[in-house]
Amino acid sequence: MNWLIDFFGDPANWSGPDGIPTRLLEHLEFSVLSLLLAMLIALPLGLWIGHTGKGALFVVLSANAARALPTLGLLVLIVLLMGVGTIIPVLIPLVALAIPPILVNTYEGIRGVDPDLRAAAYGMGLRGGQVLGRVLVPVALPLILLGLRIAAIQVVSTAAVAAYVGLGGFGRYVIDGLATKDFPRTFGGAVLVALLALVVQLGFGLVERFSVSPGVRQRQPIH
Amino acid sequence: MHEEPLVRWDWIGRNWPSIQGLLADHVVMALVPVVIGLLVALPLGLAGVRWRWLYQPTIGVMNVIYSLPSLAVFIVLLPITGVGTRATVMIPLTFYAMAVLIPAVVDGLGSVPDHVRQSAVAMGFTPLRRLLQVELPIAVPVVLAGLRVAAVSSISLVSVGALVGRGGLGYLFIDGWQRQFYTPIIVGIVLVVVLAAIADLLLVLAQRLLTPWSRARRSA
Chain A
1 MNWLIDFFGD PANWSGPDGI PTRLLEHLEF SVLSLLLAML IALPLGLWIG
51 HTGKGALFVV LSANAARALP TLGLLVLIVL LMGVGTIIPV LIPLVALAIP
101 PILVNTYEGI RGVDPDLRAA AYGMGLRGGQ VLGRVLVPVA LPLILLGLRI
151 AAIQVVSTAA VAAYVGLGGF GRYVIDGLAT KDFPRTFGGA VLVALLALVV
201 QLGFGLVERF SVSPGVRQRQ PIH
Chain B
1 MHEEPLVRWD WIGRNWPSIQ GLLADHVVMA LVPVVIGLLV ALPLGLAGVR
51 WRWLYQPTIG VMNVIYSLPS LAVFIVLLPI TGVGTRATVM IPLTFYAMAV
101 LIPAVVDGLG SVPDHVRQSA VAMGFTPLRR LLQVELPIAV PVVLAGLRVA
151 AVSSISLVSV GALVGRGGLG YLFIDGWQRQ FYTPIIVGIV LVVVLAAIAD
201 LLLVLAQRLL TPWSRARRSA
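If you read the protein sequences in the order shown, they are chains A and B.
Under the UniProt record's numbering, the residue at position 132 of the first sequence is numbered 132, and the numbers go up by one with no gaps.
Under the UniProt record's numbering, the residue at position 126 of the second sequence is numbered 126, and the numbers go up by one with no gaps.
The set of hints was computed from the structure by calculation and includes no laboratory data.
Take these hints with a grain of salt, some might be off.
[Said to hold, decoys possible] In silico contact screen, one side only, chain A against chain B (beta carbon under 7 Å); selected entries:
#1 T22
#2 L77
#3 T186
#4 A197
#5 Q201
#6 G205
Just so you know, even glycine gets a beta-carbon here, dropped at the ideal spot from N, CA and C.
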């Protein structure tokens with residue numbers, strides 16, 4: 001515990017280019033950009049595959065394979081190939097990490113909607129796109145949000161690895177601390193990453209509370 | 001940019017024995033946490049189904065554990081487990097596996113239809129026999145789906161442990177980075193992915209063997 005007081009109590013850690021606010025912004029930059037990119041790719045793909053049923057096997061197979069990609073290895077390889085001029089090298093592995101949970105949960109969510117509901121929507125005269133937008137997505141929303149939450153948490157956690165190739169973020173404290181045997185620093189960095197991940201978790205809980213329609217929430221089994 | 005081939009086969013040939021050592025280390029560090037996680041998750045999941053009030057708190061704790069970054073947990077445990085020991089890597093991974101497997105066990109047992117359960121009761125099955133011969137076999141696909149996720153992510157996460165001194169194949173990434181040399185990094189990535197694919201495939205096979213009746217429905 002003394003380590004935490006050492007790290008968080010030091011005013012030098014709260015300002016300047018190596019201060020906690022700067023590192024937080026860097027960490028958020030990596031995480032938010034990667035998550036947005038992953039959403040742009042995985043959400044439409046998941047909706048389309050769930051709605052049409054095409055390519056389901058592809059999703060299941062590729063998603064589990066992508067889970068296995070070691071982020072650290074991808075990161076160092078891409079940096080060696082491209083250099084560290086930009087933050088693109090860190091975005092690629094993080095996007096690869098975030099796509100599978102979003103894709104799989106979106107697809108499973110849409111596919112799992114009660115066929116009676118779907119039939120009723122068509123019966124009321126809605127077209128394919130309307131059925132998707134007005135019925136399937138709202139009903140599948142809890143699962144879609146779950147996928148986004150898992151992806152966000154993994155991205156925030158893994159963005160710490162970026163510091164290993166000299167980029168910023170909370171990982172800096174961890175990696176620098178390990179290199180210089182400055183344990184309070186390492187420990188403080190680890191705690192910051194964990195706190196940020198928990199905040200993300202809570203944030204998604206709130207989003208879910210406000211965006212999922214009450215009727216749909218009632219239908220959820222006790223989870 | 002230095003001119004060098006992407007993969008230097010002679011380097012792989014010369015270092016094959018040590019790569020094999022890292023591979024074996026990787027397998028042990030990834031596998032043991034998943035096995036322990038399953039052994040813990042089964043009774044806890046059963047308890048969560050039997051005593052409903054246990055369910056919410058258990059899932060809540062598992063959610064928090066799952067949202068803790070692996071690297072952070074490795075580091076927070078460092079003072080207790082020491083730099084470069086297997087335990088530093090394996091203890092957090094055990095908790096991850098539990099966090100994935102407990103909900104899977106609960107969902108699996110929850111997926112047993114009520115009429116099936118009642119038929120077993122009506123046929124005079126004791127609760128234990130009902131559990132072993134009816135409920136658990138029906139839960140197998142869901143539990144195994146959880147096991148696949150746990151195994152694959154465990155295999156991939158072990159390599160992050162290289163940052164705290166023990167990471168099996170992850171060591172190849174550190175090595176390659178320090179020497180600015182592609183070959184070990186590529187070897188590491190390929191081996192980790194192949195390892196995960198093999199584990200995944202074996203579990204899919206296990207699922208097919210354990211649930212012959214569901215083959216007609218759907219695979220994967």
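To see whether the hints hold, each was checked on the structure:
1. T22: violated (19 Å)
2. L77: Given a least distance of 5 Å, the restraint on L77 of chain A holds.
3. T186: For T186 of chain A, the interface hint holds, since the closest Cβ of chain B sits about 6 Å away, which is under 7 Å.
4. A197: holds (5 Å)
5. Q201: It holds, given that the least Cβ distance between Q201 of chain A and chain B is near 5 Å, below 7 Å.
6. G205: This hint is violated: G205 of chain A lies away from chain B, its Cβ roughly 9 Å from the closest one there, beyond 7 Å.
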